[in-house]
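K.L.:
Chain residues, written in single-letter form:
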Amino acid sequence: MKLTTKKIVVAAVLAAISILLGVTRLGYIPVPNVAGNATIMGVPVYIGAVLEGWPVGVILGFIFGLSSFLGATIPMFKDPLVSIVPRLLIGITPYLAYIAVRKKSEIVAYGVAGLVGSVSNTVFVVAAIILRGYFTFHQMLAVIPQAIAEATLSVILTIAVCAAWNRVQIGSSRSKISSLPD
Amino acid sequence: MIEDFEILRYITIGQYLPGRSIIHRLDPAVKLFNAMVLILTIAFLTSYASNLLALVWVLALVSISGIPMGYSLSGLRPAVWFIIALLVLELLFSPVRGTVIWQLGFLHVTSYSMRLTVTSLVRLIDFILLISVFTLTTRTNDVTRAMERLSKPLQYLKIPTRELALIMTIALRFVPTFAMEMERLMKAQASRGGGLTKASKWNAVAQARARLPLILPLFLIALRRAEDLVIAMESRGYVPNQERTMYRQYHLVTRDWLSAVLTMVICVGLVVV
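Chains A and B supply the protein sequences, listed in that same order.
For the first sequence, this note's numbering assigns the number 1 to the initial residue and increments by one for each residue that follows.
For the second sequence, this note's numbering assigns the number 1001 to the initial residue and increments by one for each residue that follows.
Cβ-to-Cβ under 10 Å is the rule here; a few derived chain B residues that face chain A:
(1) L1040
(2) F1044
(3) E1090
(4) L1121
(5) L1124
(6) I1167
(7) M1168
(8) T1177
(9) A1179
(10) M1182
(11) L1212
(12) I1215
(13) L1220
(14) L1223
(15) V1239
Over the 10 Å line for every Cβ pair with chain A, so calculated as not near, a few chain B residues:
(16) R1020
(17) I1023
(18) R1025
(19) F1033
(20) L1052
(21) I1101
(22) W1102
(23) L1107
(24) N1141
(25) D1142
(26) K1187
(27) A1188
(28) S1191
(29) G1193
Keep in mind that the hints were calculated from the coordinates and are not lab data.
For clarity, every value in this text was computed on a predicted model and none was experimentally measured.
Backbone N, C-alpha and C fix where the C-beta goes; we use that ideal spot for every residue, glycine too.
Just chain A, with the same shape it has in the complex (with noise of 0.2 Å):
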């Protein structure tokens, strides 16, 4: 696995804002459930994952999942078993489920992957704090209403800032002197 000088830097500043979002609290949205806080932590990985590639992404899963465990204040989050593991795969899932649809479209490929990290983070770690024995399978089904919110933010936020940043024009494009009629 070979990086590049662009490959670490990309990878150094997402992961600045995932610790940014983690300490400010701003990457948390409070939804009224069990499992407190929404969380568009993650969303920094799949861009990285979609940007830079899979590498990028285990990269910046790896930091999440540190960043996460070092500040968490839940019993279950305090434990390296949930909150790291399951983070490594969470940039390889994103990257798959976009070269998948880049052919057909690259805007939808962007949400694609936005909507499989989410639902893989908590698929993933969901599972790992049911086999450590936190919490059984029922009790679990508490968090679908804050994964539906995870899930539809970083469908948003991937589409955006991955558009954004390769100006991949977004519905009616804006009118320039070049497209006009002769």
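Given the structure of chain A, go ahead and fit chain B onto it with the hints provided.
P.N.:
Positioned in the frame of chain A, the structure of chain B alone reads:
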């Protein structure tokens, strides 16, 4: 009102409490290794006795390092009610396993749920104290170098550990910069009558909508800065995947080896108990 915009003040990463304790003077890589071994061991402890012993050892480490206990636990304060709610949930609704101690309708406290609740609380306190002992006695630069040195064997698996350490260093360096950018964005939007402070606290949709115009420009600013940094690094001759020399050299001394052996002995002891 104005404190809504003060982001920088709440960023406590990279904080370091200077001191002369033996924990301050340990080699950072050894310290990181010890902390990781202890955390992994504690994560797997299930009995009351072993958790109690682990807590005793962690408290001993805190007093040796001389960091103030209240300060390290202060991060828990905002989450205290939430933690209590979770623990009660765990205590009353866990699957029926072991002997039933107390029962009322569908609520039941079993020996299993009792142990689960106590151990998760003790583990939370252990981890918070251990992490603050490590981070408060080690400088950020030493932390990233320690990660790089410890993960060196992973290079044989083609994992780019040097680059990973560089990513961590750049990321930590950029957190305050982006916090300042964020403050600027928040003030700019508030002065135009928008922003986070307008959204009601429990309206999740309004909260989410208020965040979008903050977070989107933040990402774009960050990516633009990344491009500048790439040019700056390349023009100064940075080439990835290459051996680099370091100004600061580390040498392991007797106390480092002793502390590693002591940690191993304690971990084996905890697992056996």
